[in-house]
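*Asks:* Sequence:
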Amino acid sequence: MLEGKLLIGGKWISCKSKFESLNPATGEVFGRACLAGKKEVKEAVGAARLAFPDWKKTDISERARIFIRIGDELLKRKQELKTLITMEMGRPLFESDIEVLLTYEMVKYFANEGKKYLEGEAIQINPDTFSFTRFEPVGVVGIIKPWNYPMLLPFWAIAPALLAGNTAVLKPSDLTPFVGIEVGKICQDAGIPDGVINIVTGDGSTGESLVSSDIDMVSFTGSSQTGKNIMKNSAEKLHRISLELGGSDAFIVFKDADIEEAINGAVWGRFMNCGQVCVAPKRIFVEDDIADSFIEGFVNKAKNLVIGNGLDPGTDIGPMVSMEQREKLELQVEDAVRKGATTECGGKIPLPLQDGYYYEPTVLTGVTPEMKVMNEEVFGPVAVISIFDNMYEAIACANRTVYGLGASVWTKNLDIAMRMSSQLECGMVWVNEVCTLHPQCPWCGIKHSGMGKDLSRYGIREFVSIKHVNINFGTEKTRP
0 MLEGKLLIGG KWISCKSKFE SLNPATGEVF GRACLAGKKE VKEAVGAARL
50 AFPDWKKTDI SERARIFIRI GDELLKRKQE LKTLITMEMG RPLFESDIEV
100 LLTYEMVKYF ANEGKKYLEG EAIQINPDTF SFTRFEPVGV VGIIKPWNYP
150 MLLPFWAIAP ALLAGNTAVL KPSDLTPFVG IEVGKICQDA GIPDGVINIV
200 TGDGSTGESL VSSDIDMVSF TGSSQTGKNI MKNSAEKLHR ISLELGGSDA
250 FIVFKDADIE EAINGAVWGR FMNCGQVCVA PKRIFVEDDI ADSFIEGFVN
300 KAKNLVIGNG LDPGTDIGPM VSMEQREKLE LQVEDAVRKG ATTECGGKIP
350 LPLQDGYYYE PTVLTGVTPE MKVMNEEVFG PVAVISIFDN MYEAIACANR
400 TVYGLGASVW TKNLDIAMRM SSQLECGMVW VNEVCTLHPQ CPWCGIKHSG
450 MGKDLSRYGI REFVSIKHVN INFGTEKTRP
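With the first letter of the sequence shown counted as 1, position 316 gets the number 315 in numbering that gives the first Met the number 0; the numbers rise by one all the way through.
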């Protein structure tokens, strides 16, 4: 059994209070991690505060070299990392492998490109006046990240934040503390100075202590409700905040689309990571002319997905991350069926897999707006399919949500694609693609899906303040 410690000021420290991390495939105890309290959080923030002046002065080229080494460490440890991720949060090994590679690509991107995104701008005012801008680090960043991508999402914030000259305290999810601990070990082995990155494991109370502490910024990924709570708690100290929150993405298929490609995209997008993805297509809308063909093909593929332990090579879809998550999903499905939805497949706990937190890939049709599956975030392997008559109805249906993270549009008509992309109320639109990310492109949402940007030049600039400097070279008086 694994035993976890806290990383504070470069030292791994034990604490009295512990909590258990469970393997969702079996329900067995995976390890015991430290439950950091206010005292430990204060010490971690203090260590980050102490390390900030020297790290801020470290040349960005040296900071970038450290992140090049972090990327190398990720590749070197890929086999052990993907196994750890699968054992702690359940997904198939091949998906955990993808997560490690995506993390590597993102870290290398910021290491290679971050410097140019932090270069200021010269502004010519007049012959006697010169102005310029400079970007300066915010200070100490509290980073709170979820369990569904426990390696990738912490580094989404760590890489740009630290490259920009900030120091940080990471609080990983209480469902995946040991992946979070591994993040700290990787950073240490790559040569990050003591105190620049600190790791405090724990539950929600640990996160609350971090948000309420002497930090300068909060970077959070998670549920919309928790994001709102963080906004309230940050208001007193005017912490800068960056929030990537929940989503209920629309997946819209027009009659001219390549139906087979659209079906494949919908199955992958909805059921990868057991449906526990913020940008998964949680509401599928299909044009009437092709609805029967699409539903038949989608249901057949969903039925053929192999459910099992993520460590088994033949597994397509693993367990959900916890009993609590599965119980919430069951209530959402029960609500839909009670209100008239049709279960095309799934909707049950698979009998041979009673020990873990498994749930069958499920497809619901005949759904209506008042059902929970249409107005709440559905974080599990449940797809809901609706039918639309025309583009205007598709837009109205897609926008009928408080969320605004992403959307996926399937059509061969460029005019439809462009019109949809301009009228969908969300931060990202994929056309004939789903759930893809590129480090060069911003990752962002609107409405209840959050504020702030991840990845790209916009992502690294979340972690800096802009300063304007004005120099007057003139010798004549400019004022009475």
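Calculated directly from the structure, the hints in this document are not laboratory data.
Just so you know, these numbers come straight off a predicted model, no measurement behind them.
Every residue, glycine too, gets a C-beta built ideally from N, C-alpha and C.
Errors might be hidden in some of the hints.
The calculated label-pair distances, taken between Cβ atoms and stated as ranges, are [unchecked claim]:
id	residue 1	residue 2	range
1	LYS231	GLU323	40 to 50 Å
2	LYS17	ASN389	35 to 45 Å
3	VAL468	ASN398	40 to 50 Å
4	ASP188	LYS115	38 to 48 Å
5	GLU323	THR82	53 to 63 Å
6	SER420	VAL468	36 to 46 Å
Think about it this way: if two alpha-carbon atoms lie no more than 25 Å apart in a straight line, the pair counts; the simulated BS3-like pairs of lysine-lysine are [what the hints assert, rightly or not]:
id	residue 1	residue 2
7	LYS107	LYS56
8	LYS227	LYS347
9	LYS411	LYS371
10	LYS446	LYS231
11	LYS452	LYS466
12	LYS55	LYS10
13	LYS300	LYS236
14	LYS114	LYS466
15	LYS347	LYS37
16	LYS41	LYS77
17	LYS55	LYS452
18	LYS254	LYS227
19	LYS4	LYS56
20	LYS466	LYS327
21	LYS227	LYS452
22	LYS55	LYS15
23	LYS236	LYS38
24	LYS371	LYS446
25	LYS55	LYS231
26	LYS254	LYS327
27	LYS302	LYS231
28	LYS41	LYS75
29	LYS347	LYS56
30	LYS114	LYS10
31	LYS75	LYS4
32	LYS77	LYS56
33	LYS107	LYS236
34	LYS184	LYS254
35	LYS338	LYS55
*Asks:* Indicate, hint by hint, whether the structure satisfies it.
*Replies:* Here is what the structure says about each hint:
1. LYS231 <-> GLU323: 40 to 50 Å: Violated - the Cβ-Cβ distance for LYS231 and GLU323, about 23 Å, lies outside 40 to 50 Å.
2. LYS17 <-> ASN389: 35 to 45 Å: With Cβ atoms ~58 Å apart, the hint is violated.
3. VAL468 <-> ASN398: 40 to 50 Å: Holds: the Cβ-Cβ distance is about 43 Å, inside 40 to 50 Å.
4. ASP188 <-> LYS115: 38 to 48 Å: Given a distance of about 27 Å, which is not inside 38 to 48 Å, the answer is violated.
5. GLU323 <-> THR82: 53 to 63 Å: With a Cβ separation near 25 Å, GLU323 and THR82 fall outside 53 to 63 Å, so the hint is violated.
6. SER420 <-> VAL468: 36 to 46 Å: Holds - the Cβ-Cβ distance for SER420 and VAL468, about 39 Å, lies within 36 to 46 Å.
7. LYS107 <-> LYS56: 22 Å, holds
8. LYS227 <-> LYS347: Violated - the C-alpha atoms of LYS347 and LYS227 are around 33 Å apart, more than 25 Å.
9. LYS411 <-> LYS371: Violated, at roughly 32 Å.
10. LYS446 <-> LYS231: 17 Å, holds
11. LYS452 <-> LYS466: 20 Å, holds
12. LYS55 <-> LYS10: Holds: LYS55 and LYS10 sit about 21 Å apart, inside 25 Å.
13. LYS300 <-> LYS236: Judged against 25 Å, a Cα distance of about 51 Å means the pair is violated.
14. LYS114 <-> LYS466: 17 Å, holds
15. LYS347 <-> LYS37: Not OK: LYS347 and LYS37 at ~41 Å, beyond 25 Å, violated.
16. LYS41 <-> LYS77: The given pair, whose Cα atoms are some 33 Å apart, is violated under the 25 Å limit.
17. LYS55 <-> LYS452: 22 Å, holds
18. LYS254 <-> LYS227: 39 Å, violated
19. LYS4 <-> LYS56: 29 Å, violated
20. LYS466 <-> LYS327: Violated, because 46 Å separates the two Cα atoms, which is more than 25 Å.
21. LYS227 <-> LYS452: Holds, at roughly 17 Å.
22. LYS55 <-> LYS15: Not satisfied, since the Cα-Cα distance of roughly 34 Å exceeds 25 Å.
23. LYS236 <-> LYS38: Within the cut-off at roughly 19 Å; holds.
24. LYS371 <-> LYS446: Holds: LYS371 and LYS446 sit about 19 Å apart, inside 25 Å.
25. LYS55 <-> LYS231: Not OK: LYS55 and LYS231 at ~29 Å, beyond 25 Å, violated.
26. LYS254 <-> LYS327: 34 Å, violated
27. LYS302 <-> LYS231: Not OK: LYS302 and LYS231 at ~44 Å, beyond 25 Å, violated.
28. LYS41 <-> LYS75: 33 Å, violated
29. LYS347 <-> LYS56: Given that 25 Å is the threshold and the Cα spacing comes to 57 Å, the pair is violated.
30. LYS114 <-> LYS10: 29 Å, violated
31. LYS75 <-> LYS4: 23 Å, holds
32. LYS77 <-> LYS56: 32 Å, violated
33. LYS107 <-> LYS236: 34 Å, violated
34. LYS184 <-> LYS254: 51 Å, violated
35. LYS338 <-> LYS55: Violated, at roughly 57 Å.
The structure fails hints 1, 2, 4, 5, 8, 9, 13, 15, 16, 18, 19, 20, 22, 25, 26, 27, 28, 29, 30, 32, 33, 34 and 35 (numbered hints given earlier, in ascending order).
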